[in-house]
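Protein sequence lines, in the order shown, are assigned to chains A and B. By the numbering used here, the letter at position 91 of the first sequence is numbered 91, and the numbering carries on one by one without gaps. By the numbering used here, the letter at position 93 of the second sequence is numbered 93, and the numbering carries on one by one without gaps.
Hints were generated in silico from the structure; no laboratory data involved. One thing to keep in mind: the hints can contain errors.
A partial selection of chain A residues facing chain B, derived with a Cβ cut-off under 10 Å [to be verified]: (1) GLN44; (2) LYS73; (3) ILE75; (4) PRO114.
In silico BS3-like links for lysine-lysine, alpha-carbon gap of 27 Å or less [claimed, not checked]: (5) B:LYS62 <-> A:LYS121; (6) A:LYS121 <-> B:LYS274; (7) A:LYS58 <-> A:LYS85; (8) A:LYS64 <-> B:LYS200; (9) B:LYS292 <-> A:LYS109; (10) A:LYS105 <-> B:LYS253; (11) B:LYS35 <-> B:LYS58; (12) B:LYS259 <-> B:LYS292; (13) B:LYS292 <-> A:LYS119; (14) B:LYS272 <-> A:LYS119; (15) B:LYS274 <-> A:LYS108; (16) A:LYS108 <-> B:LYS259; (17) A:LYS73 <-> A:LYS129; (18) A:LYS109 <-> A:LYS129; (19) B:LYS292 <-> B:LYS267; (20) B:LYS89 <-> B:LYS102; (21) B:LYS200 <-> B:LYS259; (22) A:LYS121 <-> B:LYS236; (23) B:LYS261 <-> B:LYS271; (24) B:LYS292 <-> A:LYS105; (25) A:LYS39 <-> A:LYS67; (26) B:LYS272 <-> A:LYS129; (27) A:LYS64 <-> B:LYS222; (28) A:LYS67 <-> A:LYS80; (29) A:LYS80 <-> A:LYS127; (30) B:LYS184 <-> A:LYS39; (31) B:LYS140 <-> B:LYS29; (32) B:LYS282 <-> A:LYS129; (33) A:LYS108 <-> B:LYS276; (34) A:LYS119 <-> B:LYS276; (35) B:LYS89 <-> B:LYS29; (36) B:LYS191 <-> A:LYS40; (37) A:LYS109 <-> A:LYS86; (38) B:LYS160 <-> A:LYS121; (39) A:LYS121 <-> B:LYS89; (40) A:LYS33 <-> B:LYS193.
Note that beta-carbon positions come from the ideal geometry of N, C-alpha and C, so glycine has one too.
In case you want the letters, here they are:
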Amino acid sequence: MSLMTLKRFKNELIVLMALLFALYAFSYKLSAKNFVSDKKNIIQSSIREITRVSELKKLWANKKTSKQAKIFKTIVSSNKIESFKKTSEKVTVSYSNLTINELNKITKKFMNTPFQITKLKIDERGKEKYSMELTCKW
Amino acid sequence: MENVDTNQNIDIILTPQFYTFIKEELGVKFTYQAKQIAPSLFDDYLDTKQTYQYHVYKCNDKWCFFAYNIDEVTLFLEKKGLKIEQIGKIFFAQDMDSYLEKAIDLGHDSVLQSLDGTVTLLPKRLMSSDYIYNEIDLNKISLQNGIAISSSYDSFIPLKQTILITSLLAILGGIFIVEGNRVKSSIANEKEKLDILVSKNSRLSSNRVRKSILGTYEPIDKRERLKRDTIEEVSKLMTKNISLKNITVDDSKIVVTLKAKNASAIKPLIKKAKAKMFKVKKEANNQIKMEKSI
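All chains should be modelled from the sequences, with the hints used to inform the complete structure.
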């Protein structure tokens with residue numbers, strides 16, 4: 001294309017350049033929007049996952065849970081505890097002659113502590129007297 | 001005019017046979033205003049079948065208007081061996097008015113002279129044989145009102161509209177870029193929050209590690225919550241007429257036996273238990289057995 005032709009169509013060229021600039025800017029805006037949309041989803045998903053992992057680990061992999069298992073040995077009078085065995089990973093306890101109140105007290109304790117209840121067996125042994133076998137791990 | 005053989009760029013001075021000239025006193029201030037009314041000034045002088053270009057400049061207190069056909073000019077120049085690309089500026093002989101009080105010899109049969117302020121092409125035979133022609137060194141005279149050949153052609157888009165459209169498009173483009181940058185920076189807060197979380201526990205920066213941990217603890221969380229919710233539901237079923245006979249919970253199911261003091265309490269109990277999604281089985285002695293899978 002000769003210089004003269006360029007000069008002749010300079011107005012059209014200027015408009016064309018401006019149009020190309022506007023189109024480029026528009027595509028930049030669109031790509032920024034898509035980029036942000038994708039990136040935002042990834043970041044938010046990562047934040048959700050990290051928060052959830054932290055929550056779950058705090059709940060189900062908490063080293064302090066082990067200490068709370070000792071309460072099963074003292075929560076009722078010792079004559080009602082038939083057996084109590086605690087290791088680093090789990091506790092197995094067996095009660096007998098529990099009243100309704102004692103049963104509720106023990107139940108409330110393991111329900112509100114992040115133990116994994118692997119076995120729970122409650123049987124009525126007489127009028128408002130219960131036996132309980134409980135195995136929890138953490 | 002003889003043929004020209006050169007590769008150099010040259011400027012052209014058009015003699016009057018290539019243009020029509022009018023000098024007018026007008027009440028306009030700017031050249032673009034004068035140029036707008038130029039076509040109407042030449043209405044009675046030009047061939048309506050041809051297309052003309054117009055050039056205007058101020059000469060003293062008047063306006064000098066020129067109408068010319070650029071195709072006619074370029075055709076002539078090409079015939080004389082000049083390429084259009086070689087042509088720099090085009091001047092009108094009228095611009096040399098002050099130098100042409102005495103005629104100059106243009107060759108075999110014509111001379112150029114200013115008559116009453118208008119540069120005119122005259123046949124040589126009108127001049128006396130002893131007339132002493134003026135000689136002009138073109139390098140020494142100053143011509144002010146040339147035009148580039150490219151500007152003689154009319155653009156499809158006039159200058160005013162070009163400026164308007166270009167400005168609008170540039171503003172629009174600017175807005176798009178600013179908006180794009182604003183959108184890009186809008187995730188800065190989220191990114192900062194993520195960086196803080198990752199800095200506290202660098203192991204969790206890996207998506208695979210996170211998925212693995214979630215894969216371990218999510219089922220435990222779901223299962224343990226279900227166990228607790230179910231035990232909670234069972235406790236809500238018990239009233240002074242309904243007591244617990246036994247309950248067994250393990251990782252796969254919960255089995256509960258409830259007993260009612262009287263038979264009339266059984267039916268609403270079964271209804272409530274079914275509403276809580278238990279599988280219910282009626283047993284002897286006003287007892288029901290309920291079961292739910294974990």
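For each hint, the structure was consulted:
1. With 10 Å as the threshold, the beta carbon of GLN44 of chain A comes within range of chain B, its nearest partner Cβ sitting at about 6 Å, so the hint holds.
2. For LYS73 of chain A, the shortest C-beta to C-beta distance to chain B is roughly 21 Å, which exceeds 10 Å, and the interface hint is violated.
3. A least Cβ separation of about 17 Å between ILE75 of chain A and chain B goes past the 10 Å threshold, and the interface hint is therefore violated.
4. Given hint, PRO114 of chain A at the interface with chain B, holds; its Cβ is 8 Å from that chain's nearest Cβ, closer than 10 Å.
5. About 116 Å separates the Cα atoms of LYS62 of chain B and LYS121 of chain A, which puts this hinted pair outside 27 Å; it is violated.
6. Straight-line distance between C-alpha atoms of LYS121 of chain A and LYS274 of chain B comes to about 22 Å, which keeps the hinted pair within the 27 Å bound.
7. Of the pairs offered as hints, the one joining LYS58 of chain A and LYS85 of chain A holds, with about 25 Å between alpha carbons and a cut-off of 27 Å not exceeded.
8. About 21 Å separates the Cα atoms of LYS64 of chain A and LYS200 of chain B, which keeps this hinted pair within 27 Å; it holds.
9. A threshold of 27 Å between alpha carbons decides the hint, and for LYS292 of chain B with LYS109 of chain A the separation of about 23 Å falls inside it, so the pair holds.
10. Of the supplied pair hints, the one linking LYS105 of chain A and LYS253 of chain B holds, its CA atoms being roughly 23 Å apart against a limit of 27 Å.
11. Taken as a hint, the LYS35 of chain B and LYS58 of chain B pair is honoured in the structure, with Cα atoms around 11 Å apart against an allowance of 27 Å.
12. Annotation: proposed proximity of LYS259 of chain B to LYS292 of chain B holds, straight-line Cα distance about 18 Å (limit 27 Å).
13. Proposed proximity of LYS292 of chain B and LYS119 of chain A is supported: the alpha carbons are some 15 Å apart, at most 27 Å.
14. Proximity of LYS272 of chain B to LYS119 of chain A is assessed by CA-CA distance (about 26 Å); at most 27 Å being required, the pair is judged to hold.
15. At most 27 Å may separate the alpha-carbon atoms for a hinted pair to count; LYS274 of chain B and LYS108 of chain A meet this at roughly 25 Å.
16. Pair hint LYS108 of chain A plus LYS259 of chain B holds up; C-alpha atoms about 22 Å apart against a cutoff of 27 Å.
17. At roughly 19 Å between alpha-carbon atoms, LYS73 of chain A and LYS129 of chain A fall within 27 Å of each other, so this suggested pair holds.
18. Of the pairs offered as hints, the one joining LYS109 of chain A and LYS129 of chain A holds, with about 19 Å between alpha carbons and a cut-off of 27 Å not exceeded.
19. Between LYS292 of chain B and LYS267 of chain B, the direct Cα distance comes to roughly 19 Å. Compliance with the 27 Å bound is thereby established for this hinted pair.
20. This hinted pair checks out: LYS89 of chain B and LYS102 of chain B have alpha carbons roughly 25 Å apart, not beyond 27 Å.
21. A hinted pair counts as satisfied when its Cα atoms are at most 27 Å apart, and LYS200 of chain B with LYS259 of chain B does not qualify at roughly 53 Å.
22. A hinted pair counts as satisfied when its Cα atoms are at most 27 Å apart, and LYS121 of chain A with LYS236 of chain B qualifies at roughly 18 Å.
23. Taking the CA atoms of LYS261 of chain B and LYS271 of chain B, the gap is about 17 Å. The hint holds against a cut of 27 Å.
24. Among the hinted pairs, LYS292 of chain B with LYS105 of chain A is consistent with the structure: their alpha-carbon atoms are about 24 Å apart, no more than 27 Å.
25. As the CA atoms of LYS39 of chain A and LYS67 of chain A are separated by approximately 43 Å, the hinted pair breaks the 27 Å bound.
26. With a C-alpha separation of about 26 Å, the suggested pair LYS272 of chain B and LYS129 of chain A falls inside the 27 Å cut-off, and the hint holds.
27. Under the criterion of a C-alpha separation no larger than 27 Å, the hint pairing LYS64 of chain A with LYS222 of chain B is consistent with the structure, at around 21 Å.
28. A distance of roughly 21 Å separates the Cα atoms of LYS67 of chain A and LYS80 of chain A; the hinted pair therefore holds under the 27 Å criterion.
29. In summary, the hint linking LYS80 of chain A to LYS127 of chain A is supported, as the alpha carbons are separated by about 16 Å, within the 27 Å threshold.
30. Under the criterion of a C-alpha separation no larger than 27 Å, the hint pairing LYS184 of chain B with LYS39 of chain A is consistent with the structure, at around 10 Å.
31. Restraint check for LYS140 of chain B and LYS29 of chain B: not satisfied, since their Cα atoms lie roughly 31 Å apart, outside the 27 Å limit.
32. Of the pairs offered as hints, the one joining LYS282 of chain B and LYS129 of chain A holds, with about 24 Å between alpha carbons and a cut-off of 27 Å not exceeded.
33. With a C-alpha separation of about 21 Å, the suggested pair LYS108 of chain A and LYS276 of chain B falls inside the 27 Å cut-off, and the hint holds.
34. The hinted pair formed by LYS119 of chain A and LYS276 of chain B meets the criterion: a straight-line CA distance of about 22 Å does not exceed 27 Å.
35. Note on LYS89 of chain B and LYS29 of chain B: the hinted pairing holds, with a Cα-Cα distance of about 25 Å set against a maximum of 27 Å.
36. Of the pairs offered as hints, the one joining LYS191 of chain B and LYS40 of chain A holds, with about 8 Å between alpha carbons and a cut-off of 27 Å not exceeded.
37. Straight-line distance between C-alpha atoms of LYS109 of chain A and LYS86 of chain A comes to about 16 Å, which keeps the hinted pair within the 27 Å bound.
38. Restraint check for LYS160 of chain B and LYS121 of chain A: not satisfied, since their Cα atoms lie roughly 92 Å apart, outside the 27 Å limit.
39. About 108 Å separates the Cα atoms of LYS121 of chain A and LYS89 of chain B, which puts this hinted pair outside 27 Å; it is violated.
40. For the hint pairing LYS33 of chain A with LYS193 of chain B, the CA-to-CA distance comes to about 20 Å; that is within 27 Å, so the pair holds.
The structure fails hints 2, 3, 5, 21, 25, 31, 38, 39 (numbered hints given earlier, in ascending order).
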